[in-house]
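J.: Residue strings, one per chain:
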Amino acid sequence: MTAYLLKRLAISLATLLLASMVVFAVLEILPGDPARLMLGMNASADQVELLRNQMGLNAPMVWRYLHWVGGLLSLDFGRSYTYSVPVIDLVRERLAVSLPLALIALALSTIIAIPVGLFSASRRGRAGDTISMGAAQLGVAVPNFWFALMLIYVFAVWLRLVPAGGFPGWGAGAWQALKSLLLPAVALALPQAAILARVTRSALIEVLNEDYIRTARAKGLPYRTVLWRHALRNAMIPVLTILGLQFAFLLAGTIIIENVFYLPGLGRLVFQAITQRDLIVVESVVMLLVAAVIAVNLVVDLSYAVVDPRLRSRQ
Amino acid sequence: MTLHVDIPEETFSSILAKAFRNTAFVTGFVITLLILAMAVVSYIWTPYDVTKLVIADKTQGPSLAHWFGTDHFGRDILSMIMVGARNSIAVALVAVGIGMGVGVPLGAFAAARSGLVDEALMRINDLVFAFPALLSAIMITAIFGPGAVNAILAIGIFNIPVFARVARAGAMAIWPREFILAARAAGKSSTQISIEHVLPNIATLLLVQGTIQFALGILAEAGLSYLGLGAQPPMPSWGRMLFDAQTRMVVAPWMAIFPGMAIVITVLGLNLLGDGIADILDPKSRRQR
Numbered sequence: 000m001t002a003y004l005l006k007r008l009a010i011s012l013a014t015l016l017l018a019s020m021v022v023f024a025v026l027e028i029l030p031g032d033p034a035r036l037m038l039g040m041n042a043s044a045d046q047v048e049l050l051r052n053q054m055g056l057n058a059p060m061v062w063r064y065l066h067w068v069g070g071l072l073s074l075d076f077g078r079s080y081t082y083s084v085p086v087i088d089l090v091r092e093r094l095a096v097s098l099p100l101a102l103i104a105l106a107l108s109t110i111i112a113i114p115v116g117l118f119s120a121s122r123r124g125r126a127g128d129t130i131s132m133g134a135a136q137l138g139v140a141v142p143n144f145w146f147a148l149m150l151i152y153v154f155a156v157w158l159r160l161v162p163a164g165g166f167p168g169w170g171a172g173a174w175q176a177l178k179s180l181l182l183p184a185v186a187l188a189l190p191q192a193a194i195l196a197r198v199t200r201s202a203l204i205e206v207l208n209e210d211y212i213r214t215a216r217a218k219g220l221p222y223r224t225v226l227w228r229h230a231l232r233n234a235m236i237p238v239l240t241i242l243g244l245q246f247a248f249l250l251a252g253t254i255i256i257e258n259v260f261y262l263p264g265l266g267r268l269v270f271q272a273i274t275q276r277d278l279i280v281v282e283s284v285v286m287l288l289v290a291a292v293i294a295v296n297l298v299v300d301l302s303y304a305v306v307d308p309r310l311r312s313r314q
Numbered sequence: 000m001t002l003h004v005d006i007p008e009e010t011f012s013s014i015l016a017k018a019f020r021n022t023a024f025v026t027g028f029v030i031t032l033l034i035l036a037m038a039v040v041s042y043i044w045t046p047y048d049v050t051k052l053v054i055a056d057k058t059q060g061p062s063l064a065h066w067f068g069t070d071h072f073g074r075d076i077l078s079m080i081m082v083g084a085r086n087s088i089a090v091a092l093v094a095v096g097i098g099m100g101v102g103v104p105l106g107a108f109a110a111a112r113s114g115l116v117d118e119a120l121m122r123i124n125d126l127v128f129a130f131p132a133l134l135s136a137i138m139i140t141a142i143f144g145p146g147a148v149n150a151i152l153a154i155g156i157f158n159i160p161v162f163a164r165v166a167r168a169g170a171m172a173i174w175p176r177e178f179i180l181a182a183r184a185a186g187k188s189s190t191q192i193s194i195e196h197v198l199p200n201i202a203t204l205l206l207v208q209g210t211i212q213f214a215l216g217i218l219a220e221a222g223l224s225y226l227g228l229g230a231q232p233p234m235p236s237w238g239r240m241l242f243d244a245q246t247r248m249v250v251a252p253w254m255a256i257f258p259g260m261a262i263v264i265t266v267l268g269l270n271l272l273g274d275g276i277a278d279i280l281d282p283k284s285r286r287q288r
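For the record, the sequence lines run as chains A and B. No gaps in the numbering here: position 203 of the first sequence is 202 in numbering that gives the first Met the number 0, and each next residue is one more. No gaps in the numbering here: position 109 of the second sequence is 108 in numbering that gives the first Met the number 0, and each next residue is one more.
If you're looking for bench data, these hints aren't it; they were derived computationally from the structure. Check each hint, because a few of them may be wrong.
Stated by the list, open to error - From the structure, some residues in chain B lie toward chain A, with a derived Cβ separation under 7 angstroms: (1) 120; (2) 127; (3) 130; (4) 134; (5) 144; (6) 145; (7) 148; (8) 255; (9) 257; (10) 262; (11) 263.
What the hints assert, rightly or not - A few chain B residues that face chain A, going by a derived Cβ cut-off under 8 angstroms, partial list only: (12) 97; (13) 100; (14) 222; (15) 225; (16) 271.
Glycine included, each C-beta is placed from N, C-alpha and C at the ideal position.
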């Protein structure tokens, strides 16, 4: 077990290192000189050269890579070209929107998906199963940004229950802030919940055919107990795997959803930075997102051992 | 010499009969066929010309003349959806082609070689999976400029590791079988075995994954177009139509409703088709029902 964990950790770190090289290399070939962009088209060649020197853009590539990685490790991401503030401040400010959004969406999707999966699996082949899996099939097919538009139309335009977009900031009170994150979170959560419900159902159906389920039923345990205590726990591994994979989808999903709702989050920041060629913001935020995906996948790997004691004792 | 050990006792007509009894397959097949037909018909006929702007007809609600209404330039939404289908299908289909064309040989190669080659290829796969696909697609289209061709590239690249993984897993299950041993004894090289014996046996898996990636490609293309990174105007695309609709939700909700439904129905049809094929041809999933 320890050897397995160490191997997973080593692979994760190696992936992270390779990813940093890829991100750096891709941004090297991105057209557009940041110094020229900052100074505008009227600046003289000398001025641009001076700024390039100041920004360290003329240093050898390897040195700049090492400098960048060193900066990332010490949480010094450099300064944004367009916002003229330290990138770390931007990230911190935007995370205050994106992180709650992602967490609410993940929680919503899990809260919806697991009971639906349980319900469907325990009524396999009956009307309830057909209806909920039909709904899940539909949910998988809905693009989250279109669903977001429909939610805006119904809840913001028609019923005027929540704002159609924007974010008042946490300073405006937790309830006001949460209210503006509600629709985006629902829009993000629905397609994820649909996928998760389908996975939960099929994992449960596999487990429910096992002998120990029959044994548990035979010794007189109520069906509910068997379902929640025995079946669900054993079906958790595929569910956790998909939850881990969905985290990456969720992060990417925030890019579009934050654009739909004009939320000042990390996704909108990186999208704007890409279109404005604010390379230092792009490389830092992309690296941060990739690190988050790798870390979540590692945590999922480790959580297998928590969920399944058999994996813990295996040498 | 070809060995046909693995042929199931089912004949083509028995599979066909089973297909027609499978609700998911029939529904998915019909929807997919209708969407494809709609795209093909749009080349010869659309109710209105999508390049002609009729400002007098702008943002009209659904009517007999314009079933799905008109947009802010007076263009017919139904006609735009029909022409937009071409774009969605072309982008997603070519992206699946790229993914299969590169990914399947890579996966089959990894399974045939195993050992270090396999390990290295799978680690590269891990690397690609660490990047949220949409984020990378946005970066790719930003580097090479927005447009349908670059959207294809961006989506295609992320199909590669998916097909590599599926092909590898499928091939790994085939390699220990007796008929592979027999082919080896007959003196065939691992490349020959991969092409003649392994690939035909994982074709079903690839077909199912292909329909799933096709559906995901349609969603991804819509997302990129929505952000303005896909097909450029005046070429209509479903994602772009939704972008145009967003600021006009209050006056013209139909501008958002119908293109979105086109995406949902297309993706739903493809997913049902994939599920149906898996059901019909894969005995394991049949037992689970």
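J.: Against which earlier hints does the structure fall short, listed by number upward?
T.: 1, 2, 5, 6, 7, 9, 12, 13
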